[in-house]
Every structure is written in C-alpha cells, then in structure tokens.
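Enquirer: What follows is each chain in one-letter form.
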Amino acid sequence: MHREFLMGNEAIALGALAAGVNLVCGYPGTPSTEVLETVAKRRSEGVYVEWSVNEKTAMEMAGGAAYAGARALVTMKQMGLNVAADPLMCLSYIGVKGGLVVLVADDPGPISSQTEQDSRTFAAFSKAPLFDPSSAQEAYDMIQAAFDFSEAHQTPVFLRPTTRVSHGYADIRVKDPEEYTVNTPEGFVKDSSRWVIFPRLSYQNHIKIEKRNALLQDTLSDCPFNQILPGPGRKGVAASGISYTYVMEARRQLGDMPLFKVGVPFPFPEKLAKDFLSGLDEVLCVEELDPVLERSLTYVCGKYGLKTKIYGKLTGHTPAAGENTRDGVKAALSAFLGIPQAQDTAPALPPLPVRPPVLCAGCPHRASFYAVKQAMKGQKTIFCGDIGCYTLGNAQPLDMVDTCLCMGAGLGIAQAVNHLDKDTRCFAFVGDSTFFASAIPGVVNAVYNQAEFTLIVLDNSTTAMTGHQPHPGTGKTMMGEIVEKVSIEGVLRGIGVQTVETVDPLNHALSVETVKRVSAQPGVKAVIFKSPCVVLAKPQGRATVDQAKCVGCKKCIREIGCPALSFADGKAVIDPGQCVGCSLCGQLCPAGAILGR
Amino acid sequence: MRKNIVLCGVGGQGTVLASRLISAAAMAKGLPVMSAETIGMAQRGGSVFSHLRLGDNVYSPMIARGEADLILGFEPGEAVRMLPYLKPGGQVVVSNRAVMPVTASLSGAAYRAEDMLSFLRDHVERLMVVDAERALAEVGSSKVLNLILLGAALESGALGLTEEDLRNAILEKIPEKFHALNLKALEWAKQEE
Chain A
1 MHREFLMGNE AIALGALAAG VNLVCGYPGT PSTEVLETVA KRRSEGVYVE WSVNEKTAME
61 MAGGAAYAGA RALVTMKQMG LNVAADPLMC LSYIGVKGGL VVLVADDPGP ISSQTEQDSR
121 TFAAFSKAPL FDPSSAQEAY DMIQAAFDFS EAHQTPVFLR PTTRVSHGYA DIRVKDPEEY
181 TVNTPEGFVK DSSRWVIFPR LSYQNHIKIE KRNALLQDTL SDCPFNQILP GPGRKGVAAS
241 GISYTYVMEA RRQLGDMPLF KVGVPFPFPE KLAKDFLSGL DEVLCVEELD PVLERSLTYV
301 CGKYGLKTKI YGKLTGHTPA AGENTRDGVK AALSAFLGIP QAQDTAPALP PLPVRPPVLC
361 AGCPHRASFY AVKQAMKGQK TIFCGDIGCY TLGNAQPLDM VDTCLCMGAG LGIAQAVNHL
421 DKDTRCFAFV GDSTFFASAI PGVVNAVYNQ AEFTLIVLDN STTAMTGHQP HPGTGKTMMG
481 EIVEKVSIEG VLRGIGVQTV ETVDPLNHAL SVETVKRVSA QPGVKAVIFK SPCVVLAKPQ
541 GRATVDQAKC VGCKKCIREI GCPALSFADG KAVIDPGQCV GCSLCGQLCP AGAILGR
Chain B
1001 MRKNIVLCGV GGQGTVLASR LISAAAMAKG LPVMSAETIG MAQRGGSVFS HLRLGDNVYS
1061 PMIARGEADL ILGFEPGEAV RMLPYLKPGG QVVVSNRAVM PVTASLSGAA YRAEDMLSFL
1121 RDHVERLMVV DAERALAEVG SSKVLNLILL GAALESGALG LTEEDLRNAI LEKIPEKFHA
1181 LNLKALEWAK QEE
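Those protein sequence lines, which keep their order, are chains A and B. All residue numbers for the first sequence refer to this note's numbering, where the first residue is 1 and numbers rise by one. All residue numbers for the second sequence refer to this note's numbering, where the first residue is 1001 and numbers rise by one.
It is possible that part of the hints are untrue.
[To be verified] Beta-carbon label-pair distances, calculated as ranges:
hint	chain 1	residue 1	chain 2	residue 2	range
1	B	E1125	A	C406	45 to 55 Å
2	A	R194	B	E1176	55 to 65 Å
3	A	L349	B	E1176	39 to 49 Å
4	A	E501	B	H1123	50 to 60 Å
5	A	G467	B	K1143	31 to 41 Å
6	B	K1087	A	G577	30 to 40 Å
7	B	G1014	A	Y448	43 to 53 Å
8	B	D1056	A	G279	38 to 48 Å
9	A	A537	B	G1014	12 to 22 Å
10	A	D176	B	E1176	24 to 34 Å
Simulated from the structure, these hints should not be mistaken for laboratory data. Using N, Cα and C, we set each Cβ at its ideal position, and we do this for glycine too.
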C-alpha cells in the first residue's frame, strides 16, 4: 500500500488494475474519460486497452471478454449508456463468466451533457447491480468489490461516479503493483445453451435474475458500502454519492442526526433500510438526479407498514433538478431539522461578465462555420449541429447551429427536413470522431433513401472536447501502435456519396467557393474541412492590427467572434496571448489592417 | 493546519496547474489534500474554478460559502464572482487584468476591471492586487500568470506554505526546460515589497 494524489477517475483505473482487469474499452465522454486514459498509462504488459469506435462496440467487446473469463471494464458517460443499451440489456439476461464492470459517469447539473439521466434508474431497468461511490477512495475500493460481485453473481455490475467524484482529487491509499490480483482468462468455451440468446433462454434467465436480485437485497444489507451512522433524535437523513459527503460536512454544524449512507442503491438493501426507518418519524433523502432513495424508502414504508414520512425531491424538500451544493444541502437539512440558519453576510455582487464557453481563438471550426454561412447567405437553410466542440458554433455571432440533439442525430434531422421541404438547403455538421462513432449509418440511410443534403465533416484530427483522444482517423491506438488511418473520404465514397471534397477552412475564399459548388450538386454530398485542433497544433504566428489602417468598422468582431479580438479606443485589438495566427480575421478585414499570421 | 483555497479565472489561464502545485507542496508536507475543479466544456473560455482543501477531517472536495481562507483570482470579475466563498477576514489575491468575454466585445458593453477591483477594495480587508501586465512584462512571458499569483499568495502569508515548498513542487511537476521561467515568476512578488 502507498498513498497517491489521484483524480477519482484515476483511482477507478488503478482499482481496476488492482482487481486484475484484462481488457478495458470505452468511448470518451465527460466526466468519464480519464479512467481509460489512466489505464493506458499505468497498465502492465498483459492488459489490453482501446478507445472503441462507440459505446455499443465497447460494451460488446467487454461482454466478449467476460464470456472468455476475462475481467473487463467498459467506460462511458451517462449518454453513452444509451448507445450501449442494446448489448447491455442482453448481457444482463445472458450473464457473464469473468467480471464485467460498466463504468458510467453521471453528470448532475448537467455540466457537460444533454440530459440529467440517472444511471441508478437505468441499473434498475436493466436489473444489474450498481455501486455508487461518494469519494475517490470509495471508488477505488468499490471497483474491486464490483469485479468480485460481478463474478460471484455472473452479472454485469455498474460503477457509477458523478462529476464531483470522477473529477475530485484526493490523496488515497492504493495497492502496490505486487499486491494486484492476477486473473488468467480461460478463453472462450463453447456452450450454445448459455451464450446464444433466444426467447426461451431469456424467459428462464428472467426468472433467475428476479430471484437473485431479491436475495441480493439481503446480501447488500450486510455490505459495508451501505451503512447506518447512528445519531440522536427521530429525524433521519438518507444520502448517497457526493451528497453523502455534503451531509457529513453539514453534520459538523448541525449535529449527528441518524444517517443512512447508501453505497449500493440497486438492488436496494431493504432489510437495512427497515432497521434505519424503525424508530424514525421523518427522513429526508439527499441525492442528485432521480429520487431513487426517496422512492425506495417510500416503498419500504408501504411494504412493511411503517409510519415514517419520507421527504425529498418528490415532496419538494430538495431540488428536482441540477447539482447539489454544500450550501444547498445544509440549507435543506437545517429546514428539515428546524435549526435556524445563520444570516449569510456575503455582500450582494455587482453585475458580472457572462462567460459562455466559446470556440478557441484560431479554432478551425469557426472558419468552417463562417465559410458555410457566407456561402449560403440569403438562402433558406437548416444547419444541424452535433455533439463536440463544434456545438459551440451556436454562439453569436456565428449562430450556425439550428439543432443539436445527440451524437449523429444531425444527419437524420437534415434528411427529414429536406423530404418535407425541398426548398430548404439542409446541412449536417459532424466532427471526425463523431463521424466514426455514429454518423456512418445516417450517411448510408441518406444515400439509400435518396435524401438531399450536404454533410459537413469538421475534421480536426482528434476528439477535442473530451481532451484529445485518438480515433480511427488518427492512425494511433491506445496500445501505442501507429496504424493505417481510416479515411473519412474513402468511407463516404465507399457508401456511394458521389461528391466529396476536402478543403482547408482557413483558406476562406476557397472554402466559400467549395461549399457553394458542392452543395449545388443533387443528392448526398460532402465537404470535409480539414485543419488540426489549435490546442494540439503549433501556432502559425500571430496577427496584429495596424492601428493606422484600422477604420474601426468592427467587422472582425461582429462576424466571427474570436476571443482574441476585442475593441478598444475605436480600434480592433488582438490579444497576443490567445492569437495563433489562423489569419481568418485578416482575410475578412475590408481595410487590410490585420497583418501577418 | 486546515486551509480552504479557491482558485478562479477564465478557461485557459492556468488555474489547474496552480492548483496542482499547491496540492503537491501540501502533500510533500504530509497534509491530506482534496480538490475539485472545472473540466470539460467550460474550459473553453468559460468561468473556471478549483477548490482546494488542505488538512485533516475533510469529507467533501467542495468548499462552502464563507469557508475559504484564500481566493486566488486570475481575473478580477471572477474573483468577485467567488467572493461569497471567502470567510470573514480571508485573503484575496487578484490579478488586475480583465479578460473580456466575447459577448462583451460584441455588444460593446465591455466591463471594467477597475469596477471589480473597487468592489473588492470596498468589501475585502485583506486584498492584494497584482499588476499583471507589468509582472508578465518583467518576467518576460505571457504564460506565467499562475506562478506570479502563487508567489503573491506566498507573500500574503495566507497560503500556509513556504517558498521552499512551492519551489520543490515546481521542480517535481514542471518539465525542466520551464523551471527557470517558473521560478522567476514565483519570485516576482518578493521584489514588490
């Protein structure tokens, strides 16, 4: 054992390695990404790791590994679980041989997601047990327990941290590599009565699963991750995840009320819950996202005829949506316990600058959006966006994202709009990583069903938003190999897209001309804007404003919204700390006042 | 010792590295450390923060309102935004240089750093304002605001660490070719006395 300062996600990765994991795969997604990256950095020779093309493929890989007796970890964010739902649901019915842990990171807030879905609810739906850590240390301990649990009960098991656990740092106790469990997979053993899902087998397994989960409720009542912390009084609190730590902090000031810490909320530890509730008049549930504890405790009260009143999100005692905060939790507890809160003495703040996230200075996506905008000026259009840095193309002044739903959805939306309204010029924008993850079926669909739209691929040769992971188009793998790149242009041509043109978006005039020409073609056509992410590429120089020539028209500021550009004393100013010399502003300055790269 | 520190600024200003250096320095002294920070979309020019908690008996990496011993503001508006976290009598160390949001450049409604600084002067007893422009020019790099502010925090005495602690953290955590520049930035605040 030694101590190490680790991000929650790093702790999870080391926990998986300590548990003897053999195969790790996943798809990047905030706040889950660092788990797999850490495995890649810290793994020993025998551990296989990959960024899969999407979560569905990753889940299937992990399932296959577990069939063969390996310990497998698959990582994703909560939206990714939707993509992986098909294999997951079936795996839950079929079961596993080696331990299979599904690491899915939830995002209360949401801070960087489209939904506030709760994977605890998904776990109940899929009938697979779920571990819900409250800290980096607990996440480290839990993932090891989760592998054992998965093997013991032959089921996939979830580990579900939330953003503050995944991205919180702490110095924690971790094993030395010599202490790691070694797991040598047996390899796949043929048994079609076990591994081939048929309606009859599903029916039989369904019965077994329900029976098992009923028993697990008792097993989990004795699990150390579920715990009653005693305290005086007849009012208690139930909490899980990071909210448990907020309650513990509040207890310092509000006193030790009885506390039920739920670390494994599914299958719900009913027996332990009953013990907790007996003797209490009222219980406040402190949790994020869905009212899982609240519903479970209410159910336990009904089942056993307990008179305890259960409060939480459903009763309006805690917020229905969003992230919990220490202050919010303390206020809810104070109100519940009838303890008057000290007056907040913080001064009222003056109006503060609003800072929505923006595309970086010099980001090639800005140039791509601007080129399409200029090319389509005056026409009836729809610009369907997608998930990635380029979602930020919606911000003023670009205003180039009319829709954004989920990964790959822009292609379907653009096709449908054109089928209904032939006069609308339809565009779908998709990033390179998203193209491989979820856009290809949309292109096949469009070609086959005679859709008419322009696909714009924003190829910056990385998965930028989640922190620059490689993908099939980059020619690098997480095992450190340099491999043949999968060509986006080649894929599109293979599907049957007749017109595919690649252009550098930082050449503005050529880009506008290309979009005009390509989008005028019939059927499905594509423009690939290829230019590397500025966070990775070496700056090409730095632009400056010739103050004598600048006429103060603000066109540069008004048109492209680059964060390096501002306006002072009647002239445009370029922040040398931010400018990378993309030269877009120089290309559109009517006075020729912006010089150099 | 127990210290709660809030670092705040705009995505890309280097708050994360500063937070890492404080953590490493505290750990080297045997202090337990917890921290939390903004990762993801907001890093693209949005408001970002790190919460750092040094010392024993801490459950949550998050700091509550009125609990911070020190706010290290990389940007005056962001320091004001985090002010409710400052405990009575706490220290604020802040850069005087505003980072204009794109929205302000567009609307022409640029906000003034001076308004934010005067609000801080009115409401914070222990305030140290760092002349970022001059400091960066004197150190000779636009990329080391984080180390300049860390040096100022040392001078304020509110960090609970010594220059030696931070020097060692720099040597340990930062690539060797940047050592000289970062140490120079760390020391800048000393000659300001």
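Enquirer: Hint by hint, note whether the structure agrees.
Expert: These are the hints, each one checked on the structure:
1. E1125(B) to C406(A): 45 to 55 Å: Hint holds: Cβ distance 50 Å, inside 45 to 55 Å.
2. R194(A) to E1176(B): 55 to 65 Å: holds, 56 Å
3. L349(A) to E1176(B): 39 to 49 Å: holds, 42 Å
4. E501(A) to H1123(B): 50 to 60 Å: For E501(A) and H1123(B) the Cβ distance comes to about 58 Å; the hint holds.
5. G467(A) to K1143(B): 31 to 41 Å: violated, 20 Å
6. K1087(B) to G577(A): 30 to 40 Å: Given a distance of about 33 Å, which is inside 30 to 40 Å, the answer is holds.
7. G1014(B) to Y448(A): 43 to 53 Å: Given range 43 to 53 Å: holds, Cβ gap about 50 Å.
8. D1056(B) to G279(A): 38 to 48 Å: violated, 32 Å
9. A537(A) to G1014(B): 12 to 22 Å: About 20 Å separates the Cβ atoms of A537(A) and G1014(B), which means 12 to 22 Å holds.
10. D176(A) to E1176(B): 24 to 34 Å: Holds: the Cβ-Cβ distance is about 28 Å, inside 24 to 34 Å.
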